[in-house]
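Heads up: the sequence lines are chains A and B, in that order. Note that the numbering used here gives residue 20 to position 5 of the first sequence, counting from 1, and the numbers run on in steps of one. Note that the numbering used here gives residue 438 to position 305 of the second sequence, counting from 1, and the numbers run on in steps of one.
Since the hints were derived computationally from the structure, they do not count as laboratory data. All the pointers check out, no bait thrown in.
Using 30 Å as the maximum straight-line C-alpha spacing, the simulated DSSO-like pairs for lysine-lysine come out as follows:
(1) K59(A) / K270(B)
(2) K22(A) / K527(B)
(3) K23(A) / K356(B)
(4) K270(B) / K33(A)
(5) K22(A) / K537(B)
(6) K225(B) / K30(A)
One-sided and incomplete, this derived list gives chain A residues near chain B with beta-carbon spacing under 7 Å:
(7) M16
(8) K23
(9) Y24
(10) K28
(11) I31
(12) E32
(13) T34
(14) V35
(15) N36
Please read these numbers as outputs of a predicted model, since none were measured by experiment. The beta-carbon is built from N, C-alpha and C at its ideal position, and this holds for glycine as well.
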Amino acid sequence: MSEEVRKKYEELKSKIEKTVNPYITIRIPIPEEADKREFLELEKDQEFIEHVKEEAIVWIAQKRSRKK
Amino acid sequence: MTVTSIFILIFALILVLLVTERYHRSVAALIGALLTILFGIEYGLFHLPSILDEVVSLIDVNTILLAIGVMILAEAVARTGFFEFIGLGLAKLVGGSFRRVSIILIILTVFITAFVTTITAMVIMGALTISLARRFKADPSRTIVYEAIMTNVGGLMLMISSIPNLIVASHLDLEFLEFVEISLPLALLITLASALYIFIALGRQPMSLRKIEANPWTVIEDKSTFYRAMIIFVSAIVLFIFRDFIGAPLGLIALGCAVAVLALGSKEPESIFSSIDWGTIFFLTSFYVIVGGLEKSGVLELLANGIFQISEIEPTAFPVANMWVCATASSIIDNIPITMILIPIMKYVSRFAHIPLRILGWSMVFGANLGGSLTPIGAPSCIIAVGILRREGKPISWGEWFRKCLPLVSIQLLLASFYILFLLKA
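Bound conformation, chain A alone (with noise of 0.2 Å):
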């Protein structure tokens, strides 16, 4: 595969990604007290994002709650 048909590939399956199995993409500047390399880690790693994903819903809750 090409490297243009690569990131043709690439740019579909995020659009489609984005449509089917929807997501957000959040910049979170490393914290002071946090090391670089383990900072870094959380990116791939499947029991934090598990974790932000329960608080996104406690999140949402609380903010509808806090409408009514």
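Fit chain B to the supplied structure of chain A, relying on the hints for placement.
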């Protein structure tokens, strides 16, 4: 050395370059075209004062313009998100299990490839399949492989669906509708039989009641460009169908519609130009020069005599054998040179063996398109499917490819063989 032996050597060199892939195929063809011109001048096949006119007369400008026009049109439509829109809409409609969604995607692949190149079709379907498989938590490997095979079935559908179709249609003076009358029934029959086979081969997958909640309209970035591109594309198809009444060459119609889509149905003409497969256009143009040289030097007549001896053994079975030879050759090297070399040879064979040229032409169309699925390197879509699976951490070996594909491609080629026999009798 005689002129024939020199041109046999040039032809052998081009074949070696194409098989070994030492150079990009377009560069290999350009080298061949240059050698053809140089030795053509040396041996008196071309004459220096009129060399440009003589070389240009060997090139089928109508086919080249048609290929460029269709590529621009298809790329503009693909960029609107139309095919992803249809794919998501259908997947949402059938839902249920990934097996059901896979069958819909595989059938959709055939119809998409009827209009766009196999490369674009495979990229779109690959991205759709991987995303939907993730949603269903299913393995997309088999679906991706079967989609690659079905792109080659889609290549049979219309005259504009693949380059070999354009070459054969141009040599046989086939109109757009004449082509569809013969090719479409076979393409639909093969699609139906393949869908049935794939449905069984995919096996029972755990029934997932996951709903696809996606709104297909979200993949259409700009509705007004989308509508304009679609109107121009549909108009192009209508103009192709009624070309006989209009009287203009297909190449001119395609180029006119391409200009319209660049002016009205696209926001990024520059980006569309860069997506056009210029390599194929150069390859096609150069190969016309090579074939012209082979014809003038008597090489094609020599090859035709040899093939004619074989055709005399069993004239009825010859078109079927020709299809299988084309299919096998297309699984190793590009189907464009095979078609370009064989079509003038078939003209000789048809004249001397009294086999209808149209039947021989059809046998080449079927073989050249379907044969690409026999190996993972037989067609660009197969190479892309293998690349996608490797990227997604599911690499596939040659052995696995044969295990998954050989039975299905054999069924497709057998159906095409019976269809050729039916055409011979009709």
